[in-house]
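Asker: Residue numbers (the working numbering), protein chains in the order written: chain V, 6 to 352; chain D, 6 to 352.
No wet-lab data here; the hints were simulated from the structure.
Owing to the predicted nature of the structure, the values given are computational and were not obtained by experimental measurement.
Wrong hints could be hidden among the right ones.
Simulated crosslink set (DSSO-like; lysine-lysine; CA at most 30 Å straight-line) [what the hints assert, rightly or not]:
(1) D:K315 - V:K159
(2) V:K206 - V:K217
(3) D:K315 - D:K93
(4) D:K302 - D:K271
(5) D:K184 - D:K103
(6) D:K271 - D:K93
(7) D:K161 - V:K271
(8) D:K206 - V:K159
(9) V:K204 - V:K162
(10) V:K128 - V:K302
(11) D:K302 - D:K53
(12) D:K216 - D:K302
(13) D:K216 - D:K328
(14) D:K184 - V:K302
(15) V:K271 - D:K93
(16) V:K161 - D:K159
(17) V:K159 - D:K216
(18) D:K271 - V:K217
(19) D:K162 - D:K128
(20) D:K69 - D:K103
(21) D:K161 - V:K159
(22) D:K271 - V:K216
(23) D:K184 - V:K162
(24) V:K53 - V:K159
(25) D:K216 - V:K271
(26) D:K315 - D:K103
Facing chain D, according to a computed beta carbon distance under 8 Å, are these residues of chain V, among others [unchecked claim]:
(27) Y76
(28) L269
(29) R287
(30) E289
(31) T338
(32) V342
By construction, the Cβ of each residue, glycine as well, lies at the ideal position given by its N, Cα and C atoms.
Protein chains: 2
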Amino acid sequence: MSAVAEVPNRRVILKGHVTGFPSEDGMEIVSGMAHLAVPPGSAVLVLKNLYLSCDPYMRGLMTKHERPSSYAPDFIPGEVLVGYGVSKVVASGHPDFKFGDLVWGRTGWEEFTLIPNPESLFKINHTEIPLSYYTGVLGMSGLTAYIGLYDVAKAKKGDFVFVSAASGAVGQIVGQLAKLTGCYVVGSAGSDEKVNLLKTKFGFDDSFNYKKEQDLNSALQRYFPEGIDIYFDNVGGAMLEAVLLNMRVHGRITMCGMISQYNLEKHEGTRNLMNLISKRIRMEGFVVFDYFSEYHKFELEMAGYLMDGKIDYVEDITEGLDKAPAALIGLFTGCNVGKKLITLARE
Amino acid sequence: MSAVAEVPNRRVILKGHVTGFPSEDGMEIVSGMAHLAVPPGSAVLVLKNLYLSCDPYMRGLMTKHERPSSYAPDFIPGEVLVGYGVSKVVASGHPDFKFGDLVWGRTGWEEFTLIPNPESLFKINHTEIPLSYYTGVLGMSGLTAYIGLYDVAKAKKGDFVFVSAASGAVGQIVGQLAKLTGCYVVGSAGSDEKVNLLKTKFGFDDSFNYKKEQDLNSALQRYFPEGIDIYFDNVGGAMLEAVLLNMRVHGRITMCGMISQYNLEKHEGTRNLMNLISKRIRMEGFVVFDYFSEYHKFELEMAGYLMDGKIDYVEDITEGLDKAPAALIGLFTGCNVGKKLITLARE
Numbered sequence: 006m007s008a009v010a011e012v013p014n015r016r017v018i019l020k021g022h023v024t025g026f027p028s029e030d031g032m033e034i035v036s037g038m039a040h041l042a043v044p045p046g047s048a049v050l051v052l053k054n055l056y057l058s059c060d061p062y063m064r065g066l067m068t069k070h071e072r073p074s075s076y077a078p079d080f081i082p083g084e085v086l087v088g089y090g091v092s093k094v095v096a097s098g099h100p101d102f103k104f105g106d107l108v109w110g111r112t113g114w115e116e117f118t119l120i121p122n123p124e125s126l127f128k129i130n131h132t133e134i135p136l137s138y139y140t141g142v143l144g145m146s147g148l149t150a151y152i153g154l155y156d157v158a159k160a161k162k163g164d165f166v167f168v169s170a171a172s173g174a175v176g177q178i179v180g181q182l183a184k185l186t187g188c189y190v191v192g193s194a195g196s197d198e199k200v201n202l203l204k205t206k207f208g209f210d211d212s213f214n215y216k217k218e219q220d221l222n223s224a225l226q227r228y229f230p231e232g233i234d235i236y237f238d239n240v241g242g243a244m245l246e247a248v249l250l251n252m253r254v255h256g257r258i259t260m261c262g263m264i265s266q267y268n269l270e271k272h273e274g275t276r277n278l279m280n281l282i283s284k285r286i287r288m289e290g291f292v293v294f295d296y297f298s299e300y301h302k303f304e305l306e307m308a309g310y311l312m313d314g315k316i317d318y319v320e321d322i323t324e325g326l327d328k329a330p331a332a333l334i335g336l337f338t339g340c341n342v343g344k345k346l347i348t349l350a351r352e
Numbered sequence: 006m007s008a009v010a011e012v013p014n015r016r017v018i019l020k021g022h023v024t025g026f027p028s029e030d031g032m033e034i035v036s037g038m039a040h041l042a043v044p045p046g047s048a049v050l051v052l053k054n055l056y057l058s059c060d061p062y063m064r065g066l067m068t069k070h071e072r073p074s075s076y077a078p079d080f081i082p083g084e085v086l087v088g089y090g091v092s093k094v095v096a097s098g099h100p101d102f103k104f105g106d107l108v109w110g111r112t113g114w115e116e117f118t119l120i121p122n123p124e125s126l127f128k129i130n131h132t133e134i135p136l137s138y139y140t141g142v143l144g145m146s147g148l149t150a151y152i153g154l155y156d157v158a159k160a161k162k163g164d165f166v167f168v169s170a171a172s173g174a175v176g177q178i179v180g181q182l183a184k185l186t187g188c189y190v191v192g193s194a195g196s197d198e199k200v201n202l203l204k205t206k207f208g209f210d211d212s213f214n215y216k217k218e219q220d221l222n223s224a225l226q227r228y229f230p231e232g233i234d235i236y237f238d239n240v241g242g243a244m245l246e247a248v249l250l251n252m253r254v255h256g257r258i259t260m261c262g263m264i265s266q267y268n269l270e271k272h273e274g275t276r277n278l279m280n281l282i283s284k285r286i287r288m289e290g291f292v293v294f295d296y297f298s299e300y301h302k303f304e305l306e307m308a309g310y311l312m313d314g315k316i317d318y319v320e321d322i323t324e325g326l327d328k329a330p331a332a333l334i335g336l337f338t339g340c341n342v343g344k345k346l347i348t349l350a351r352e
């Protein structure tokens with residue numbers, strides 16, 4: 006063991022539990038120190054964080070829950086935020102990891118993080134692909150799209166597929182995978198720029214700006230005159246209500262996220278659930294963390310698509326930890342175009 | 006072919022499309038005549054109707070829909086209501102049916118009905134069981150319970166099962182099948198008499214009167230401290246909202262009916278759908294008409310349970326066609342205790 010090096014470590018701290026719309030002021034950047042060594046005999050790692058992923062589910066962890074969430078612990082006021090990121094191993098006490106290894110997985114929103122359970126991390130093998138992609142298309146967002154479309158919605162050739170928040174980290178991949186499967190794919194997004202991207206960059210068959218529609222039901226009737234087989238729901242709320250009216254018999258709704266609801270003091274009720282019965286619809290939620298055992302199969306397939314140019318990918322990158330709180334909050338006003346991530350360092 | 010006999014035929018007619026709460030006055034009894042013979046060369050049947058089934062789904066068919074329902078045509082003002090019943094063949098032009106055969110299936114709310122598609126009817130073989138049971142436990146209600154519990158909810162030993170409208174035609178069978186499967190079963194109903202029946206007659210582990218509960222969420226927490234694996238939903242509305250808060254991870258919600266909503270001008274919205282994601286819940290609607298191919302397997306199993314005394318069954322019988330409109334409307338005020346049916350004739 007070399008002498009213990011101590012370096013400055015800047016961190017993003019949650020100041021207090023959040024209700025309603027979150028703000029940058031609810032987080033602060035604090036300075037601390039990190040040890041770049043592991044205690045003797047311990048199997049922990051120290052990571053240098055390179056890229057941090059901004060994900061909508063993180064909003065839920067900012068609220069205090071009476072019953073703990075079943076998939077991730079709530080953030081603790083005064084402590085560092087935790088999310089997914091791409092990192093480099095700078096100290097290892099674990100036999101499977103060595104100095105310099107690149108990994109992705111759960112890490113702190115800070116420059117350096119001590120990882121007590123290195124088994125939860127994935128090693129990065131495809132360094133011919135931009136490293137940052139492991140915060141998204143080759144990481145959690147990509148796996149979410151893949152599992153939600155195939156394992157949950159059982160997409161098959163000829164299905165009519167609708168994706169909301171379609172230019173986002175997950176939506177852009179869902180749409181492109183569905184096209185590769187032979188589906189007819191329409192996406193909605195919240196700006197003309199994003200809507201345009203869906204058609205020109207991601208190859209969706211059609212797309213619309215939901216903010217410009219007076220009546221979402223009419224819009225969906227226009228884009229799906231024969232109805233929708235699969236709805237990949239990232240937003241919940243009014244769009245879900247309208248989609249239920251436009252589903253086909255034996256349709257499937259993949260419940261991936263409800264970003265329209267996360268910042269409301271009280272969630273809205275969803276009407277039209279009677280359609281689940283009359284049209285024999287399956288509506289199913291999932292959490293990607295349950296499917297990490299399928300990651301390597303997915304990674305191989307997705308890396309192939311990326312290298313063959315069959316899947317395009319758009320990132321929206323913020324530079325530096327100082328801007329991390331604003332980047333995260335921006336998800337909820339739809340500021341980002343494509344996958345939102347933060348660069349802390351490039352190597 | 007014998008000479009054509011013509012007999013009086015009294016019929017229940019829908020006077021006009023219904024919005025809001027239906028009333029007896031929306032139907033009327035009219036007198037007509039029926040021919041007790043089939044046209045030469047035609048494969049139709051004439052049925053004498055013995056028992057008519059009152060089912061909540063019939064309310065939906067009283068409303069005019071912009072888009073036709075995918076499983077049954079709306080009722081037509083001025084024409085006879087159509088539902089499920091037990092009947093005797095009194096004239097047959099079809100090679101598979103002869104005079105005197107007993108059948109169950111879709112028929113008119115009238116004394117005699119001409120059936121143009123006899124293939125849709127099931128012959129009744131187990132005459133050692135009360136004939137009226139083929140309007141319920143051995144007919145559509147029983148098959149609904151069976152399919153909803155096994156095919157949709159995938160019930161298995163040890164599951165915590167909650168059933169609403171639990172003393173009704175479907176609920177009482179769901180609960181007893183779940184008990185036979187080794188589940189823990191709690192039911193809700195709308196009167197102390199019904200709640201008592203669940204425990205004393207049908208062997209539910211516990212039951213409660215939802216009308217006496219201030220807070221359905223607290224009630225469910227009390228009856229399911231470890232949460233609910235399967236919710237067999239016959240009611241929708243506030244109970245569904247409360248159940249979502251109490252589901253366990255990987256729970257299943259069988260969407261069978263929404264009787265709390267059928268008579269509202271505008272359905273209520275359902276909150277708490279976010280639980281579908283965080284708890285990976287599958288919520289799935291079904292229509293029993295899709296599963297008639299499984300009827301004979303079901304009939305054999307259910308007839309066995311009935312003859313062995315493993316399943317009990319409670320009917321609520323109204324005598325005579327004159328009282329049929331009141332009997333049907335009574336479903337929506339919870340008047341019936343057990344399966345509601347109307348007797349027109351006994352043979």
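Asker: So, for every hint listed, does it hold in this structure?
Answerer: Each hint, compared with the structure:
no.: 1; hint: D:K315 - V:K159; result: violated (39 Å)
no.: 2; hint: V:K206 - V:K217; result: holds (21 Å)
no.: 3; hint: D:K315 - D:K93; result: holds (29 Å)
no.: 4; hint: D:K302 - D:K271; result: violated (39 Å)
no.: 5; hint: D:K184 - D:K103; result: violated (40 Å)
no.: 6; hint: D:K271 - D:K93; result: violated (41 Å)
no.: 7; hint: D:K161 - V:K271; result: violated (35 Å)
no.: 8; hint: D:K206 - V:K159; result: violated (42 Å)
no.: 9; hint: V:K204 - V:K162; result: holds (20 Å)
no.: 10; hint: V:K128 - V:K302; result: holds (14 Å)
no.: 11; hint: D:K302 - D:K53; result: holds (27 Å)
no.: 12; hint: D:K216 - D:K302; result: violated (38 Å)
no.: 13; hint: D:K216 - D:K328; result: holds (27 Å)
no.: 14; hint: D:K184 - V:K302; result: violated (41 Å)
no.: 15; hint: V:K271 - D:K93; result: violated (56 Å)
no.: 16; hint: V:K161 - D:K159; result: holds (24 Å)
no.: 17; hint: V:K159 - D:K216; result: violated (40 Å)
no.: 18; hint: D:K271 - V:K217; result: holds (25 Å)
no.: 19; hint: D:K162 - D:K128; result: violated (33 Å)
no.: 20; hint: D:K69 - D:K103; result: violated (37 Å)
no.: 21; hint: D:K161 - V:K159; result: holds (24 Å)
no.: 22; hint: D:K271 - V:K216; result: holds (25 Å)
no.: 23; hint: D:K184 - V:K162; result: violated (41 Å)
no.: 24; hint: V:K53 - V:K159; result: violated (39 Å)
no.: 25; hint: D:K216 - V:K271; result: holds (25 Å)
no.: 26; hint: D:K315 - D:K103; result: violated (34 Å)
no.: 27; hint: Y76; result: holds (7 Å)
no.: 28; hint: L269; result: violated (10 Å)
no.: 29; hint: R287; result: holds (4 Å)
no.: 30; hint: E289; result: holds (4 Å)
no.: 31; hint: T338; result: violated (20 Å)
no.: 32; hint: V342; result: violated (25 Å)
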